[in-house]
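Student: Please construct the entire structure, taking both the sequences and the accompanying hints into account.
At position 104 of the sequence shown (counting the first as 1) the number is 104 in the UniProt record's numbering, and the numbers step up by one without a gap.
Keep in mind that the hints were calculated from the coordinates and are not lab data. Just so you know, even glycine gets a beta-carbon here, dropped at the ideal spot from N, CA and C. Misleading hints may appear alongside valid ones.
[As the list claims (entries may be wrong)] Computed list of lysine-lysine pairs in DSS-like fashion (alpha-carbon distance at most 30 Å, straight line): (1) 83 x 71; (2) 187 x 106; (3) 179 x 106; (4) 90 x 179; (5) 92 x 106; (6) 92 x 31; (7) 83 x 106; (8) 92 x 187; (9) 192 x 106; (10) 60 x 70; (11) 192 x 90; (12) 192 x 176; (13) 90 x 31; (14) 70 x 83; (15) 187 x 83; (16) 60 x 71; (17) 83 x 192; (18) 90 x 190; (19) 190 x 92; (20) 176 x 60; (21) 179 x 192; (22) 190 x 106; (23) 71 x 192; (24) 60 x 90; (25) 106 x 60; (26) 190 x 179; (27) 92 x 60; (28) 90 x 106; (29) 176 x 187.
[Stated by the list, open to error] Ranges of calculated distance between the beta carbons of each label pair, as one might list FRET restraints: (30) 169 x 106: 51 to 59 Å; (31) 213 x 90: 36 to 44 Å; (32) 65 x 239: 43 to 51 Å; (33) 6 x 38: 30 to 38 Å; (34) 65 x 96: 37 to 45 Å.
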Amino acid sequence: MAAQPPHPALALLSQAHDPSTASQIFTDSIKHRPLLLRPSSPDPSSATNARSARRSARRKRSVEAYHAFKKTHKSGRSSLTRKPRPLSAKAKRQLGVHEIGEGERKWGLYTELHQLWCGYMREVLALDDEGKGGQRKLGPDFVGPMVASADFHGAVVRVVRSGCVGRVGIRGIVVKDTKFTFEVVTKGDKLKVLPKEGTVFRVEVPRSGDALGEMVEGQREERLVVEIYGEQFMTSAPDRANKKFKMHIDPAL
1 MAAQPPHPAL ALLSQAHDPS TASQIFTDSI KHRPLLLRPS SPDPSSATNA RSARRSARRK
61 RSVEAYHAFK KTHKSGRSSL TRKPRPLSAK AKRQLGVHEI GEGERKWGLY TELHQLWCGY
121 MREVLALDDE GKGGQRKLGP DFVGPMVASA DFHGAVVRVV RSGCVGRVGI RGIVVKDTKF
181 TFEVVTKGDK LKVLPKEGTV FRVEVPRSGD ALGEMVEGQR EERLVVEIYG EQFMTSAPDR
241 ANKKFKMHID PAL
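Tutor: In C-alpha cells form, the structure reads like this:
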C-alpha cells in the first residue's frame, strides 16, 4: 500500500523548521485547530424564541415611530395640526380651480343665482316691498356708491358701449367678477369674457321679481337702470366691499 503524501502545510513547515518543530506546529495549529460552528437556531415554538421575536418587533416599531416623529414634528409642531400650504397662483391655473367648465356654461344654472342677487340688491338699496326707497331718496349720491361696492355675481349686465364694437349688445349673467373682467353666461349657453377697460355696462335692478327678460317700454318704472364705467370699476368684488367710493367727474369721459 503506497504511503500517503505529507500534508502540504507540513511540507512547507518542514522547509522552515526542523522536523520535530514543524510536526508540533502542524499538530497544534492545523491538525488540532478547533472548528467553530454557528450554534443551531432554537425551536421556533419555544418560549425563549417567541419572547425574543416580540422584543425585536417592539424595538423595530420604536425605531420606526421615532423616525416618523422626527419627520412629522418640526420646530415643536406637528404637521398634522398645522394648516396645509395653500396652492400657489401657478398651481391654481394648472389645476383650473377657478375655471368655468363646459358643463357649467348653462343659462338655466344661474337663473336662481340671479334671483338671489335681485333680493340682495333690494336689501342693499333699502327698497321696501313696493320697490320704493322708503325714507331715503334714491338719488345718484346714494345709489352710486352702494352699487359700486356691491357684489355682481348673479347680476344681468349688458354691454352698451365698448372700444370693440363686436362686444356691444352682449348680455348675460355674471358668473365671475375679477379685477379686470366680467365673465358672463349668455342665453345661448356661451361663456363670454368682457374686459372692463373701455367698456360701459348696463345693470338693471328690478323693484320686484327678476331681470332675466329684456326690459320693454312699459317696464321702465319697474327697474332701476345703472350704467357702470368699467375703467372706474377695475377692482375685485372683495376689494370693492371695503372701498369707499366718492362722486367725481372722470376727465376721460
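Student: What hint numbers does the structure not satisfy?
Tutor: Of the numbered hints given earlier, those the structure breaks are 6, 7, 13, 15, 17, 20, 23, 24, 25, 27 and 30, listed in rising order.
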